[in-house]
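Enquirer: Going line by line, the protein sequences match chains W and E.
If you use numbering that gives the first Met the number 0, the first sequence corresponds to residues 0 to 464, in order.
If you use numbering that gives the first Met the number 0, the second sequence corresponds to residues 0 to 122, in order.
Hints in this document: simulated from the structure, not taken from any laboratory.
Take the hints with a grain of salt, since some may be wrong.
What the hints assert, rightly or not - Rough simulated footprint, nothing fancy, chain W against chain E, three-plus residues with beta-carbon under 8 Å:
#1 9-21
#2 69-80
Stated by the list, open to error - Residues of chain E placed beyond 12 Å of chain W at every Cβ, according to the derived structure:
#3 Leu-6
#4 Arg-40
#5 Gly-41
#6 Glu-42
#7 Ala-43
#8 Ala-44
#9 Gln-45
#10 Lys-65
#11 Ile-86
#12 Lys-91
#13 Glu-106
#14 Lys-109
#15 Asn-113
#16 Asp-116
#17 Asp-119
As the list claims (entries may be wrong) - The following label-pair restraints were derived from C-beta to C-beta distances:
#18 W:Gly-452 to E:Thr-115: 26 to 36 Å
#19 E:Asp-119 to W:Glu-131: 46 to 56 Å
#20 W:Glu-432 to E:Asn-100: 17 to 27 Å
#21 E:Asp-79 to W:Asp-376: 15 to 25 Å
#22 W:Gly-113 to E:Asp-51: 17 to 27 Å
#23 W:Arg-98 to E:Asp-119: 46 to 56 Å
#24 W:Gly-255 to E:Glu-106: 27 to 37 Å
#25 E:Asp-51 to W:Leu-119: 31 to 41 Å
#26 E:Thr-115 to W:Asp-45: 25 to 35 Å
C-beta atoms are modelled at their ideal positions from N, C-alpha and C, and glycine is treated no differently.
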Amino acid sequence: METVASKWLFVDDDVRFLNHLKESLGLLCGKHPNAPDIYISENVTDALLLIQRELPTTVITDIQMPQVDGFQFLRLLSTKYPKINKVVLTGQSSSQIERLCQKNGVARHFSKPGTPKAMLDIFISLLALDKEPRSNPTAPEITQATELAPTHQALEVNPNPFKKAMRITGKLVPRKDSLSSATLILNDAITTKIQAAQHPKGFSGVLDQINISELVQMLVLSNKSSILEVSADHDHGKIYLEHGQIIHAETTNHVGESAVYILLNLQGGQFELTHFTAPNQKSISTATQHILIEAARLMDEQERYKNHFTKEALTSKTSRITTTTQTHTKRQYVVFEEAITQELCIKESIETNHPPAVSNNAFDLQHLDEVIILAKDGKIQYKHGSLDPAQRIDLIEFINFKSEQIHNQLQLGSLNHFQIFGDNLEAIMARKEDDILLAINTQRPLPMKTLLGAINKNLCLTQAF
Amino acid sequence: MPDPSLLVLKILAAMSPFLSNPHILEIAFCSENRETWRQKRGEAAQKLTTPDNIWRKLNDTFSVLKLHKLESKQLVWTHDHGQIILIKKDGKGACGILSQNIIEETELQKLQKNCTDILDVTK
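Turn these sequences into a full structure, and let the hints guide you.
Expert: This is the structure:
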């Protein structure tokens with residue numbers, strides 16, 4: 000068996016811990032005949048660069064990290080560097096983390112060492128891990144359960160790769176194949192498709208079991224040049240990849256990185272991979288890996304605030320917040336419910352949408368580019384210029400979520416209004432009682448004072464206009 | 000390339016005169032790689048190491064707004080008992096100001112301009 004020198008990369012956002020670790024391991028390793036090379040990185044971006052350069056035998060990562068958390072990082076490693084041993088070293092320990100470790104092919108899971116003895120144990124365990132044969136490098140191997148679980152159990156842990164493999168290859172994976180085999184078949188299938196994509200005819204498909212991020216990652220890994228055209232209900236666009244690097248992207252309204260983020264965030268839809276032809280411009284110079292990490296982070300952030308409004312979260316929160324905030328939380332839930340059944344509700348609102356009664360304080364809403372007013376019951380009371388009210392409701396949800404974070408951490412009370420200023424853009428979200436107004440102007444400044452005056456002089460927005 | 004931590008400290012140092020305003024309780028800076036520092040009135044600058052700190056969470060708003068096709072450079076949250084202002088410059092990061100009162104419009108504009116200048120000039 001070929002002997003490979005051990006190289007360990009520790010990834011943790013706690014720099015003091017990393018330095019302590021490096022120092023302690025340095026002392027231990029200095030006396031050891033097979034001393035490994037130790038690398039440290041305080042974020043995933045730097046870690047990926049280091050991995051590319053040094054190709055470590057083992058990556059030991061923390062879980063709770065900014066930008067990209069440990070599990071996202073592990074998933075990325077599994078895809079790009081399946082031969083690297085993955086180890087988790089974290090301050091947290093729970094059955095959920097154990098389960099996620101298992102799901103992400105983690106070979107060892109340690110708690111952060113508190114004593115020199117604990118550090119020595121980890122050191123010995125890591126050395127042993129490097130000596131273990133890695134004939135099947137992607138197979139998850141957990142300290143507590145040294146043998147890979149039987150096939151049906153493995154598939155229960157993460158059934159998706161199995162399903163995806165079946166879908167893409169169009170052939171059944173034998174039951175005796177393990178989870179890792181399913182993943183390998185999936186990778187092979189996608190690689191074959193990618194190779195086929197080099198033929199000018201290209202290939203296309205429906206984004207159902209596989210999402211755009213995964214598809215782009217595979218294209219990046221293949222180092223090929225191609226154009227990925229994506230279309231979904233809300234938007235469509237193209238991502239240009241040259242030698243595995245994203246060099247340009249465009250959607251209906253965006254060009255460059257923002258277009259990539261929008262396209263990677265599309266749900267469902269269809270894709271088509273065609274032969275590469277140079278775009279008119281190269282709008283992206285940022286490293287592709289960085290863009291993919293940022294996109295993953297943005298999607299996580301969106302998921303987090305959507306999950307925040309689940310019924311369970313609402314129930315537990317309502318019991319411990321003040322009366323004022325309670326009203327808002329209830330409203331947020333109504334808005335959330337509204338978002339779920341948005342099509343029906345919006346249709347209903349639009350059908351009955353008369354500009355609300357005009358008071359003396361009002362001004363012509365038609366002068367603003369976009370206005371949406373949500374009433375107490377969460378329904379759209381008035382809307383003007385908004386192409387996609389569902390997305391605007393989503394945005395209002397997000398701002399409410401952020402203002403709640405402010406309230407919880409800084410005790411600043413309830414949100415009155417939130418202003419957004421861009422190069423050619425002004426927007427305001429104002430809240431009065433239980434009504435919410437979102438107004439956006441793109442070419443001219445918003446009449447903020449008039450808007451706020453109208454809001455403040457009236458008990459609720461729907462009376463104001 | 001300048002040391003990101005050094006840039007953060009330089010920007011915080013340039014912002015520190017804001018703390019002489021009695022309404023302003025805290026200033027902060029969140030760099031492009033999301034390294035976050037804050038300085039409260041009468042205290043030294045402090046690095047925030049936990050990822051769930053409020054400044055980092057608020058800084059994420061820029062990215063989410065971008066996804067909603069509302070690319071922005073300045074954000075102002077006005078709550079019942081205070082205000083938070085965030086001013087961003089691509090390639091540098093975002094300055095944050097926490098005020099215990101609602102800042103008047105003219106003063107707010109002045110603060111926003113000063114922050115923009117600091118972000119433009121500091122290297």
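Enquirer: None of the hints should be skipped; say for each whether it holds.
Expert: Consistency of the hints with the structure:
1. Under a criterion of three residues with beta carbons nearer than 8 Å to beta carbons of chain W, the stated coverage of the segment 9-21 of chain E fails, only 0 such residues being counted.
2. Counting residues of the segment 69-80 of chain E whose beta-carbon sits less than 8 Å from any beta-carbon of chain W gives 12, enough to reach three: the coverage restraint holds.
3. At roughly 16 Å, the least C-beta separation between E:Leu-6 and chain W is larger than 12 Å, which holds for a residue marked as non-interface.
4. With 12 Å as the threshold on Cβ separation, the claim that E:Arg-40 sits away from chain W holds: the shortest Cβ distance comes to roughly 15 Å.
5. Here E:Gly-41 stays apart from chain W, with its beta-carbon at least about 18 Å from theirs, past the 12 Å limit.
6. Look at E:Glu-42: its CB is around 16 Å from the nearest CB on chain W, clear of 12 Å, so calling it non-interface holds up.
7. Every CB of chain W lies more than 12 Å from the CB of E:Ala-43, the least distance being 17 Å, so the non-interface label holds.
8. Every CB of chain W lies more than 12 Å from the CB of E:Ala-44, the least distance being 16 Å, so the non-interface label holds.
9. At roughly 14 Å from the closest C-beta of chain W, the C-beta of E:Gln-45 stays outside 12 Å, upholding its exclusion from the interface.
10. The non-interface label for E:Lys-65 is inconsistent with chain W: the shortest C-beta to C-beta separation is roughly 6 Å, within 12 Å.
11. Consistency note on E:Ile-86: stated as away from chain W, yet its beta-carbon is not over 12 Å from all of that chain's, at 9 Å minimum.
12. With a cut of 12 Å on Cβ distances, E:Lys-91 stays outside the contact zone with chain W, its closest approach being about 15 Å.
13. No beta-carbon of chain W is positioned within 12 Å of the beta-carbon of E:Glu-106; the least distance is around 15 Å.
14. Once the 12 Å rule is applied to beta carbons, E:Lys-109 is consistent with being away from chain W; the minimum gap is 15 Å.
15. The beta carbon of E:Asn-113 sits about 15 Å from the closest Cβ of chain W, which is more than 12 Å, so the claim that it is off the interface holds.
16. The claim that E:Asp-116 is not at the interface with chain W holds, since no C-beta of that chain comes within 12 Å of its own (minimum 16 Å).
17. Taking the minimum C-beta to C-beta distance to chain W, about 15 Å, the non-interface status of E:Asp-119 holds against the 12 Å cut.
18. For the pair W:Gly-452 and E:Thr-115, the supplied restraint of 26 to 36 Å holds, since their beta-carbon distance comes to about 27 Å.
19. Between E:Asp-119 and W:Glu-131 the beta carbon distance is about 54 Å. The supplied range of 46 to 56 Å therefore holds.
20. The hint said 17 to 27 Å for the Cβ distance between W:Glu-432 and E:Asn-100, and at roughly 23 Å that hint holds.
21. Under the hint 15 to 25 Å, the C-beta atoms of E:Asp-79 and W:Asp-376, about 24 Å apart, fit the expected range.
22. A C-beta distance of roughly 23 Å is found between W:Gly-113 and E:Asp-51, which places it inside the suggested range of 17 to 27 Å.
23. For the hinted restraint 46 to 56 Å between W:Arg-98 and E:Asp-119, the CB-CB distance of approximately 48 Å keeps it satisfied.
24. Between W:Gly-255 and E:Glu-106, the C-beta spacing of about 35 Å keeps the proposed range 27 to 37 Å intact.
25. Range check, E:Asp-51 to W:Leu-119: about 33 Å between beta-carbon atoms, so the 31 to 41 Å window is met.
26. Between E:Thr-115 and W:Asp-45 the beta carbons are some 29 Å apart, a value that agrees with the proposed interval 25 to 35 Å.
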